[in-house]
Amino acid sequence: EAAVTQSPRNKVTVTGGNVTLSCRQTNSHNYMYWYRQDTGHGLRLIHYSYGAGNLQIGDVPDGYKATRTTQEDFFLLLELASPSQTSLYFCASSVGSSAETLYFGSGTRLTVL
Amino acid sequence: QQKVQQSPESLIVPEGGMASLNCTSSDRNVDYFWWYRQHSGKSPKMLMSIFSNGEKEEGRFTVHLNKASLHTSLHIRDSQPSDSALYLCATSNTNKVVFGTGTRLQVLP
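Protein sequences appear in the order of chains A and B. Just so we're aligned, residue 1 is where the first sequence starts under my numbering, counting upward by one. Just so we're aligned, residue 1 is where the second sequence starts under my numbering, counting upward by one.
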């Protein structure tokens, strides 16, 4: 099964803080995604990418930046964290086409105080 | 913005019973439908996919798709306590994968 590794597993920061969440996949997948999961909202798409240097805007992008530095690595950046960004963040990857399954990492739980 | 509506929000069934979950997309351009299952404290994992009209069965799980109404349903027969989880419906077109809010299924022994 496809391997997607997220770090850190847990992160606590303060309002206004700077946070970077990391995601690495080692399956040569073209597409990578960042989602946030909150009770009552399901999984909401923040940003996604179809290759190194590419970035596509998701449905809830405000307050987030992302960067795909290599085929394997996709980062989510919160430059001025707010309590509303307290959430469980999942990274996922897929081979490429719309018909492909997403493989998820284990998640990062972020708390903004 | 495409939306995916799931119902019911939560469902309790007895062990051995049938669970039926529903999902409808608001985007007429979606091509593909999936069901993902997420056990408590875990990440979502793909359970079943369906891309054309009709029915697909895998063991105790059956999915239906009606593309004209953009509606899919998941049916779990002979439900087991290990089926207790959050079930997420997902749709996609042009590689943007959108999830619904999920149905939380609890199977009571």
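Rather than coming from a laboratory, the hints here were simulated on the basis of the structure. No residue lacks a Cβ here, since even glycine has one placed at the ideal position from N, Cα and C. There could be a bad hint or two in this list.
Said to hold, decoys possible - Simulated restraints, written as ranges between beta carbons of each label pair:
id, chain 1, residue 1, chain 2, residue 2, range
1, A, Thr-101, B, Gly-41, 40 to 50 Å
2, B, Lys-3, A, Lys-65, 43 to 53 Å
3, A, Phe-75, B, Ser-7, 51 to 61 Å
4, A, Asn-27, B, Gly-16, 18 to 28 Å
5, B, Gly-41, A, Asp-73, 41 to 51 Å
6, B, Arg-77, A, Gly-53, 23 to 33 Å
7, A, Pro-8, B, Lys-3, 24 to 34 Å
8, B, Ser-52, A, Gly-16, 29 to 39 Å
9, B, Ser-26, A, Gly-51, 27 to 37 Å
10, A, Ser-22, B, Glu-55, 39 to 49 Å
11, A, Gly-40, B, Gly-17, 36 to 46 Å
12, A, Gly-16, B, Ala-68, 26 to 36 Å
13, B, Gly-17, A, Thr-20, 21 to 31 Å
Right, here's what the structure says about each hint:
no., hint, in the structure
1, Thr-101/A to Gly-41/B: 40 to 50 Å, "violated (21 Å)"
2, Lys-3/B to Lys-65/A: 43 to 53 Å, "violated (25 Å)"
3, Phe-75/A to Ser-7/B: 51 to 61 Å, "violated (36 Å)"
4, Asn-27/A to Gly-16/B: 18 to 28 Å, "violated (38 Å)"
5, Gly-41/B to Asp-73/A: 41 to 51 Å, "violated (26 Å)"
6, Arg-77/B to Gly-53/A: 23 to 33 Å, "violated (47 Å)"
7, Pro-8/A to Lys-3/B: 24 to 34 Å, "holds (32 Å)"
8, Ser-52/B to Gly-16/A: 29 to 39 Å, "violated (50 Å)"
9, Ser-26/B to Gly-51/A: 27 to 37 Å, "holds (29 Å)"
10, Ser-22/A to Glu-55/B: 39 to 49 Å, "holds (41 Å)"
11, Gly-40/A to Gly-17/B: 36 to 46 Å, "violated (26 Å)"
12, Gly-16/A to Ala-68/B: 26 to 36 Å, "violated (50 Å)"
13, Gly-17/B to Thr-20/A: 21 to 31 Å, "violated (46 Å)"
The structure shown violates the earlier hints numbered 1, 2, 3, 4, 5, 6, 8, 11, 12 and 13.
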